[in-house]
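**Student:** Listed below are the residues making up each chain.
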Amino acid sequence: MTFFIAALAWLADPAHYSGPGNIPSRLLEHLGFTLVTLVFASAIAIPAGYYIGHTGRGRRLAILVTGALRALPTLGLLTLVALWVGIGLDAPYVALTILAIPPILAGAYTGFEAIDRTTIDAATAMGMSGGQVVRKVEVPLGLPLLIGGLRSATLQVIATATLAAYIADVGLGRYLFEGLKTRNYDEMLGGSILVILLALVLEGLFAGATRLALRMVPPATGLLPELTR
Amino acid sequence: MNWVWVNLDVVAGRTLDHLVLTVPPIILTFLIAVPLGTIARRYRATRGVILTAGGLLYAIPSLPLFIVLPAIVGTSTRSPLNLIIALTLYGVALMVRVVADALASVDHGVRQSAIGVGFSPGSVFWRVDLPLAGPVLLAGMRVVAVSTVSLATVGAVIGVQGLGSLFTDGFQRGIQEEIIAGIVATVLLALVFDQALVGLGRLLMPWQRAQAPSALTHRRHPA
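Protein chains in written order, with this note's numbering: chain A, 1 to 229; chain B, 1 to 223.
These are calculated hints, taken from the structure and not from any lab test.
Using N, Cα and C, we set each Cβ at its ideal position, and we do this for glycine too.
Among the clues, some could well be false.
[What the hints assert, rightly or not] So the derived list for chain A, only partly shown, Cβ under 8 Å to chain B, looks like this:
{"id": "1", "residue": "L89"}
{"id": "2", "residue": "L155"}
{"id": "3", "residue": "V195"}
{"id": "4", "residue": "E203"}
{"id": "5", "residue": "A209"}
{"id": "6", "residue": "L212"}
[What the hints assert, rightly or not] Partial list, derived from the structure: chain B residues whose beta carbon lies under 10 Å from chain A:
{"id": "7", "residue": "W3"}
{"id": "8", "residue": "L65"}
{"id": "9", "residue": "V68"}
{"id": "10", "residue": "T77"}
{"id": "11", "residue": "P80"}
{"id": "12", "residue": "L81"}
{"id": "13", "residue": "V143"}
{"id": "14", "residue": "V149"}
{"id": "15", "residue": "A152"}
{"id": "16", "residue": "G164"}
{"id": "17", "residue": "T186"}
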């Protein structure tokens with residue numbers, strides 16, 4: 001318990017709320033970093049996932065890639081990219097974008113696949129064009145699973161962004177590595193608590209967003225229930 | 001490539017370290033998650049608590065957990081035991097949901113008829129529930145095994161030796177080959193664990209051979 005009291009004291013110390021590397025600026029850095037990577041990854045993964053889900057083409061490849069990337073160690077990718085492009089912010093951006101793509105891709109295409117075929121057939125039979133089916137049926141009904149994919153990607157990026165402080169001066173992870181180097185356990189623990197709180201807050205927000213998206217889906221459209229939890 | 005041949009003993013040593021870090025959590029995960037998942041399915045009141053706790057635990061980033069855990073359980077940050085406990089927690093967090101869902105998916109009629117022909121509650125669990133839930137449990141354990149092998153590399157930054165040490169060492173000394181060797185070794189080890197579990201599944205569930213692959217693994221089943 002004494003460890004946590006010391007860490008809370010570190011967190012409450014006003015000296016850590018001003019000057020270079022203060023807690024609010026590191027927190028914003030961490031969040032900004034996460035957001036930018038997610039936007040990059042989404043820009044690639046959502047269109048690709050929608051294409052796969054709509055046409056059914058490239059599904060094998062997508063499964064293979066997402067499966068293989070699960071085994072890929074994040075620290076290995078981070079350090080390797082850092083040696084390639086040099087120390088700085090580019091390396092973590094590249095590495096984190098790569099890591100965020102698979103969950104978003106999977107969320108996008110499984111979102112389309114979870115839709116009952118008869119719903120799509122009905123839309124086509126009513127005279128909707130392919131584009132209309134995508135826009136008016138598949139995208140809205142696929143939303144809960146896409147949000148699920150974004151949720152895993154966000155948690156992944158928050159975690160890996162912490163690790164990214166090993167190769168670049170960025171985000172809340174700095175406190176962890178600074179504390180490690182100077183053997184300051186209060187700082188390490190305080191920083192860790194901040195990252196964990198950030199992850200849990202985002203997890204809660206996404207849980208709410210999923211519930212909201214599910215509520216917008218009409219119950220009769222036949223989404224497979226086991227896929228939408 | 002040269003680095004690998006010269007330092008083959010280093011790679012082998014770190015692989016052994018990695019085995020020590022990853023095999024216990026994978027086994028412990030199964031031993032803890034099955035009873036917990038069974039409780040979650042059987043008693044409605046516990047279901048929400050257990051599954052929510054699992055979900056939240058799984059959301060915690062690994063490095064902060066490796067740092068916070070010693071303050072709670074009293075291990076040293078650099079001790080392999082610290083990593084083993086943390087990896088077990090992640091495994092259980094992922095697996096309880098799988099166990100609860102797998103048991104819930106066992107056909108009600110099959111259970112009823114087992115009870116009807118005189119199975120005791122214990123043998124319903126061991127001889128009906130568990131074998132029928134087996135394929136889904138196996139799929140879940142494959143995910144646990146692969147992510148445990150990959151997650152354990154993070155331990156290197158807090159000083160727990162394993163395949164991740166090849167990343168930190170290679171980064172500090174600027175040796176690309178060492179990092180690549182580490183990545184390849186990690187992926188290969190994950191693949192070996194995965195295939196070992198598939199083999200174990202065939203051995204324990206010979207009736208499964210002809211069935212379709214589960215959606216959980218996102219990977220093609222050889223059958």
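**Student:** For the hint on V143 (chain B), does the least C-beta distance to chain A fall short of 10 Å?
**Tutor:** This hint holds: V143 (chain B) lies near chain A, its Cβ roughly 8 Å from the closest one there, short of 10 Å.
**Student:** Should the hint that T77 (chain B) touches chain A count as held when the rule is a Cβ pair under 10 Å?
**Tutor:** Hint on T77 (chain B): holds, closest Cβ of chain A at ~8 Å, below 10 Å.
**Student:** Does the interface hint hold: is P80 (chain B) within less than 10 Å of chain A, judged Cβ to Cβ?
**Tutor:** Violated. Min distance 17 Å.
**Student:** Interface hint check: L212 (chain A), Cβ to nearest Cβ on chain B, cutoff 8 Å. Holds or violated?
**Tutor:** violated (18 Å)
**Student:** Does A209 (chain A) hold up as a contact with chain B if the rule is Cβ-Cβ below 8 Å?
**Tutor:** Violated - the Cβ of A209 (chain A) stays beyond 8 Å from chain B, reaching only about 14 Å at its closest.
**Student:** Quick check on the hint: W3 (chain B) CB to chain A CB, less than 10 Å?
**Tutor:** Check failed: Cβ of W3 (chain B) comes no nearer than 13 Å to chain A, outside 10 Å.
**Student:** With a cut-off of 8 Å on the beta carbons, see whether L155 (chain A) makes it to chain B.
**Tutor:** holds (5 Å)
**Student:** Mind checking the CB of T186 (chain B) against every CB in chain A and telling me if the closest is under 10 Å?
**Tutor:** holds (5 Å)
**Student:** Next item in the hint list is L65 (chain B). Is there a CB on chain A closer than 10 Å to its CB?
**Tutor:** holds (8 Å)
**Student:** Close enough to count: is the Cβ of V149 (chain B) nearer than 10 Å to one in chain A?
**Tutor:** holds (7 Å)
**Student:** Is the shortest C-beta separation between E203 (chain A) and chain B less than 8 Å?
**Tutor:** holds (4 Å)
**Student:** Less than 10 Å between beta-carbons is the criterion; does A152 (chain B) satisfy it with respect to chain A?
**Tutor:** With a minimum Cβ separation of about 9 Å from chain A (threshold 10 Å), the hint on A152 (chain B) holds.
Checked against the numbered hints given earlier, the structure breaks hints 1, 5, 6, 7, 11 and 12 and satisfies all the rest.
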